[in-house]
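A.B. asks: Generate the whole structure from the sequences, applying the supplied hints.
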Amino acid sequence: METVGHWTQQSVDDFVYSISASFTGQLERKMQEKEISRSELAAKLDKTTGRVSQVLNDPGNLGLRLIVEYAGSLGMKASVIAYDDNDPDNTKGPINPEVFVKSWEKLGRPSDLFEVEDAPLGVAEIPEITYGILHGLEHILPKTMGCVYASPFDAEMSLSEAPTFQYLGYYGETKPPGQPQFCEFLNSPISQETLLPKGKAA
Amino acid sequence: MSPEAIKFRLVRGMRQGSRRAVGFLVGHEGLNAAEWFYSLKASRKSFTLVSMETWASGGTDINTRFHGFPNDTEYPLSFVFKTTDNKLGHRFYGYLDNPEPTTNPRLQICILCIHAFKNERDTDRAELKRVDEWRKSAAAKAAIRIQYPDKKKSEKGKLLPWKP
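Sequence lines, in order, name chains A and B. According to our numbering, the residues represented by the first sequence are 1 to 202, in order. According to our numbering, the residues represented by the second sequence are 203 to 366, in order.
Calculated directly from the structure, the hints in this document are not laboratory data. Worth double-checking, as some hints may not be accurate.
[To be verified] Between beta-carbon pairs, the in silico distance windows are: (1) A:Glu115 with B:Thr304: 40 to 48 Å; (2) B:Lys243 with A:Gly50: 14 to 22 Å; (3) B:Asn306 with A:Asp13: 29 to 37 Å.
[Stated by the list, open to error] In silico SDA-like cross-links for lysine to any residue, where the CA-CA straight-line distance does not exceed 25 Å: (4) A:Lys92 with B:Asn300; (5) A:Lys30 with B:His269; (6) B:Lys289 with A:Ser39; (7) B:Lys320 with A:Asp58.
We put the beta carbon where it would ideally sit given N, CA and C, even for glycine.
C.D. replies: Here you go:
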């Protein structure tokens, strides 16, 4: 059977292209979120729409200045990082940059290494879990509580599938006395039987 | 059409995700996505590979590059990857599937079937219909089942789990 390595193994140019195209993908996702068109982005950058389209459609080898300009125009910053994923021959290809962004966000967006150290484990920005659980528990939990629960299992599991929930804490700016802040796990799993009245489905 | 002629092949040289993978249905003249993809100009193929890898890594839709049709009442499982070459739009249409609901329910694959030239404002209905016909075909289901048997390990022999 043919063994095929990753396409970016073929040349440095291919690896560079992958990085550039991944970066412009981040830009396009941000533009989508903010509903910014290419012509609006061009206006922010004082460039033509054609030039912006050229960059987004076929990034090639982007210079750092351009990267910083384009990221800044969308309210973002850029960084160049080196990482060791135990794949020195690049058989697997680069890690998608969104993995690094989401990891940083999951740690609570630390601004220095001390905050990385202090970040609690298993934390933080898990909006899908939060929304899913809050949404599912709306009819069970009083709306004033603002408590956040999460299943220790896959966020995609439905409430009826997840056997236990773990109390995360209070989500909101005004933390009631005695309630842990959101993102702090308590070691007090709450069973589904406890949450749900008998006979009532999630 | 012989069911045995239809095969599913993961995209060559691509970094597949831990829960998502992209591949092509091949083996029939109507299944032209793979042929068109591998004959793309280098930069276009690279661009599309990055889009595929972004999706396979768990990325949400970037509508200019790839997206599903979750709100489509007829073809909600459809999916498309897009790239442009000198203002000519290439679109690779396929569908999403969870091929191992028992042994690996998190696994989702994008099965690309057909290629079409489209511009931004063109609609996709005809292509989505054709893709959906492939999705429902016994031949496609058999091809996927060969790659993803969805059988639990037995004491006698080990089935290799799907790996990225």
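A.B. asks: If a hint holds in the structure, say so; if it doesn't, say that too.
C.D. replies: Each hint, compared with the structure:
1. For A:Glu115 paired with B:Thr304, a C-beta distance near 43 Å keeps the hint of 40 to 48 Å intact.
2. A hinted range of 14 to 22 Å holds for the C-beta pair B:Lys243 and A:Gly50, which are about 20 Å apart.
3. For the pair B:Asn306 and A:Asp13, the beta carbons lie near 36 Å from each other, so the given range of 29 to 37 Å is met.
4. Annotation: proposed proximity of A:Lys92 to B:Asn300 holds, straight-line Cα distance about 23 Å (limit 25 Å).
5. Of the pairs offered as hints, the one joining A:Lys30 and B:His269 holds, with about 15 Å between alpha carbons and a cut-off of 25 Å not exceeded.
6. Taking the CA atoms of B:Lys289 and A:Ser39, the gap is near 16 Å; set against the 25 Å cutoff, the hint holds.
7. With a C-alpha separation of about 18 Å, the suggested pair B:Lys320 and A:Asp58 falls inside the 25 Å cut-off, and the hint holds.
In this structure, every one of the numbered hints holds.
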